[in-house]
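J.: Residue numbers (my numbering), protein chains in the order written: chain W, 73 to 385; chain S, 73 to 385; chain X, 73 to 385; chain E, 73 to 385.
No lab work stands behind these hints: they were computed from the structure. It is possible that part of the hints are untrue.
You can't tell identical chains apart in this list, so a pair holds if it fits in one copy or across any two.
Listed next, the in silico DMTMM-like pairs over lysine to aspartate or glutamate satisfying Cα-Cα at most 20 Å (straight line) [said to hold, decoys possible]:
#, residue 1, residue 2
1, LYS350, GLU192
2, LYS350, ASP365
3, LYS261, ASP201
What follows is each chain in one-letter form.
4 protein chains.
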Amino acid sequence: MALTPEQAAEIDRLRTETHATLRPTVPALEDLLFHPLPALDHGFVRVVDYMGDDGAIVQAARVSYGRGTKRVSEDRGLINYLIRHRHTTPFEMCEIKFHVKLPIFVARQWIRHRTANVNEYSARYSILDNEFYLPAPEHLAAQSDTNRQGRGAVLEGDEAQRVLDLLREDATRNYGHYLEMLNEGAEGKPADPARSGLARELARMNLTLNLYTQWYWKIDLHNLMHFVSLRADAHAQYEIRAYADVLLHVLERWVPITASACREHIVGGTRLSATGLKVVRRLIKGERVSQADSGLQPREWRELAALLGIDPA
Amino acid sequence: MALTPEQAAEIDRLRTETHATLRPTVPALEDLLFHPLPALDHGFVRVVDYMGDDGAIVQAARVSYGRGTKRVSEDRGLINYLIRHRHTTPFEMCEIKFHVKLPIFVARQWIRHRTANVNEYSARYSILDNEFYLPAPEHLAAQSDTNRQGRGAVLEGDEAQRVLDLLREDATRNYGHYLEMLNEGAEGKPADPARSGLARELARMNLTLNLYTQWYWKIDLHNLMHFVSLRADAHAQYEIRAYADVLLHVLERWVPITASACREHIVGGTRLSATGLKVVRRLIKGERVSQADSGLQPREWRELAALLGIDPA
Amino acid sequence: MALTPEQAAEIDRLRTETHATLRPTVPALEDLLFHPLPALDHGFVRVVDYMGDDGAIVQAARVSYGRGTKRVSEDRGLINYLIRHRHTTPFEMCEIKFHVKLPIFVARQWIRHRTANVNEYSARYSILDNEFYLPAPEHLAAQSDTNRQGRGAVLEGDEAQRVLDLLREDATRNYGHYLEMLNEGAEGKPADPARSGLARELARMNLTLNLYTQWYWKIDLHNLMHFVSLRADAHAQYEIRAYADVLLHVLERWVPITASACREHIVGGTRLSATGLKVVRRLIKGERVSQADSGLQPREWRELAALLGIDPA
Amino acid sequence: MALTPEQAAEIDRLRTETHATLRPTVPALEDLLFHPLPALDHGFVRVVDYMGDDGAIVQAARVSYGRGTKRVSEDRGLINYLIRHRHTTPFEMCEIKFHVKLPIFVARQWIRHRTANVNEYSARYSILDNEFYLPAPEHLAAQSDTNRQGRGAVLEGDEAQRVLDLLREDATRNYGHYLEMLNEGAEGKPADPARSGLARELARMNLTLNLYTQWYWKIDLHNLMHFVSLRADAHAQYEIRAYADVLLHVLERWVPITASACREHIVGGTRLSATGLKVVRRLIKGERVSQADSGLQPREWRELAALLGIDPA
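Pulled out of the complex, with its shape left as it was, chain W reads as follows (with noise of 0.2 Å):
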């Protein structure tokens, strides 16, 4: 996450110029826009705009005049209320816009998030930066044997210091030769006068997917909690969850109510399906329940006594 001096300079002379705004306006997330918040080893999130806060979320629910209710409890109340009942548009009306450094495989996952605006650093127009992510040893895990779509243990030794060496190296060398095609000098001359140079948006192809790449990127409130209790999840891999996380401390800062009732409806709850709700109305009457006559598959079985903490045997 290394801002040029250019770019922190940038950052920090915005962050001098202050407006006067009818708007409502949230103080403890103006104290965050604009700085970079790390992730991963050279990414960030950084808060580039905001439209609203927990009040305007009751303002549009009421189609009110004013701003909301008289008090924050009132205002608690009905946030909650919408989430448990799924009445969604009225979050709709909250709206965030972020700057994102992150791996292109990571937004490769990430875009497939639709409802959002996104304008993305063109290849084809300018000259990617040469900074790729290398997972953190505890984060090199090997496949897992039982999912096919998670990690399992950390590798150790020999063969995780071999994994880093070949990521290093390949992305390095493809990094070069991405460069030794272009062959751009400076002042928009040649490098080397004996070649013409490969158009960028050819050269790019030799590039490793763990480079990064940047965007800005902007969604409302109710599709931000959507995505972040997608990718906050345990079942996400861990390099958008360490984003996901980031996104999720911002939320806390902007609309401080809503994301008590994010964590305690969408990404703290939880969905029973219909058998399961008669397994838990069966238990707490104290009936013992098992596998075989709970009506439930052996691995949503499973993954049942594990969300109730019961003995699944």
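Based on these hints, arrange chains S, X and E on the given structure of chain W.
T.: Relative to the frame of chain W, chains S, X and E by itself:
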């Protein structure tokens, strides 16, 4: 557009609360924030919040750390370039939120624009006000003879009077029966203690389509320009055009450079078909072109002739 | 749901035209293709076209060259897994298209689901039919005392009769005035030659919200399940629930494995909050829990008690 | 585009299974159903399913009970009218589903079209094949001198050879290291029993952006035309244009009337700005117009001159 004294007071109070922010701020838009801008006989558009300005479009297009370019002329050039080449995503990085009061039949056209966020005043939950739209005499038009979807000459004399009487009497009577069926008196007591009162979600079905409803509506700048280009168009129904004109006025206050490019390329621009372009090229060379040898159907030919200011004969 | 003889004949004719296709085909859905399935007093849902079946979900999830897995039990297992883990994109790979006739006030709720395609019958262009919704006596409910958004007991006796009379008379009168203002006679001639006739786009504003409209509506399977989970819910207004129930019936014919998983996990499932889950764990351990020590607000506590079938006191 | 014998056999088998259906069916599209249509060196587009035909657009526009109009010429007239007047919703009533194999850097451009459904082959779950894109010699272009986002002359001689060698060697080496890090042998055993093997979701980060991925992609006809109009355009990168050209070919087989209108009005048409239109009107009147008195910026002037086939000087 009669605000109640309470509503006017709430707006006045909000306009006294100035906050400090680091976010991009548009003084010309702050000036009209919260004020109702009239549309039709009882409707309005209020700007409730906004995110971004002309500079924010440039900032997103460049994925930059600072604000935009150094000079307004550079911003103008880039914004024009983006619009001309249909690079629409940077315009999605600005967002605006309105409170709109509008007749139900207008709301039904408006809602067809799906890329926006809406919170409508709930007639399941609350009682609607007794306000309905009556066309001004100069908008009381006959069906067009030539366009199955348009208006012709203005009605006059007895026919005009009869239409206005019917519209007023039917809307008034139906609203009166709506209140009667609801049977809601003061302080949550029934008006007539002998009756239960019909559920609000049912009673509303007796209302007419010219009754006013209201909603919060939030949209990004790209989709706002698309909305305006379709609804400020001469083919749009007058009643929604009245609102699109207000939105255009807001657009000019908010993002003057973009609004200018929008007038030049989107609202004021036009499309030529492949065959239409061939006709134009021939005309510029000084050739005479008739419908018969234009390759265009009669209707397309007449439309093109009108566009180019030539004699279709 | 009175089809004209011409409409019935068109449907009959279409049902005689069998084509050969290599596409996945669902005989149980072909059986009801084009037929109007009744909803409310004059409404219907007709399946007009569909794409995909249960196997197509598996095929997309596997990005396979062939059709799906070899065995139905494998398909069932994968589909359940996908739904339980919110892998929603494979369900977006099936699509269905309906022709729906519905009251305008129902259409206004329905249209809030934005992730669908709609073509509505145009009252700017055409004249609407004289059909409006009147609740059956058993659905003529009073406002709920406890839920500001719900229904209470059914109205009876004189009050019920008076409500039905008002609804019928007002809708009938307003429709009559609509025709009078239009002044359209046979063969494009005015009914009264002395009058011009009001434009259709204006005359429609005199109609009541219980008048029937119709549209083509196309949606993917994921969003159809979401629609049904919200609108077949006990909190939804009865009049839209009547349609959601028909959609559920179609779902079962079309994709029986997915419909079963949908009943188990989406329509029939439930959500537990983080605190709700803690309460459940304590109850299963045999602890006594009261609202006071549950960490839940009174309303949430009552809802949880009802869900679990325990005494809230 | 080398299918394995198993993949080819699956496709052949599917093409023998004919079903009876009442749905609209397009024989010309059935002919190419499931067959891979080649794009670039190893990519393809396969039509997997479709919904609707030209008649279905007319049917939806009319919200009709039967199929469309009686005569093809009427359908053609209506479809042209709808496209010319931007009535886009009837085109959303047709849907098509593809299986596409494409380089990752192309997939990253493609996915920016959000109004579509995607299921991508998961490199968290499975191992990617060793297939990567190498440009044919005639597409190995230098960076454009005049357009920061385009290509110039084709590279030749040693420079071309060096570029191809680098691309091939780097992609091959990185893929080899990918397999080495995975350490997966036959029958779920490790290749080297002394090593654990890196998780698939991590190992993939070593791959280059020219590696092929594949996905199922489903889109409605309106959005497909929008995609094609942007990506078959001369400003689009050649590698995605190669796919857009295949999609255009499919479009012509599927909905020939619409495809013709699309070529005339969308792909082949153009836009004129308000000022550009004034210039055209003056030129048609026989006036001489220069950039200086055109009201256009030099770049816009040159673009307009090229469009109209006049001398910009």
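J.: From the Cα coordinates, with 20 Å as the cut-off, is the pair LYS350 and ASP365 best called within, between, both, or neither?
T.: within (11 Å within a copy, 24 Å between copies)
J.: Is the C-alpha distance from LYS350 to GLU192 at most 20 Å within one copy, between copies, in both cases, or in neither?
T.: Neither, since 48 Å and 36 Å both go past 20 Å.
J.: At 20 Å max between alpha carbons, let me know whether LYS261 reaches ASP201 within a copy, between copies, both or neither.
T.: Cα proximity of LYS261 and ASP201: one copy only (19 Å, versus 39 Å across).
In this structure, only the earlier hint numbered 1 is contradicted, and the remaining ones agree with it.
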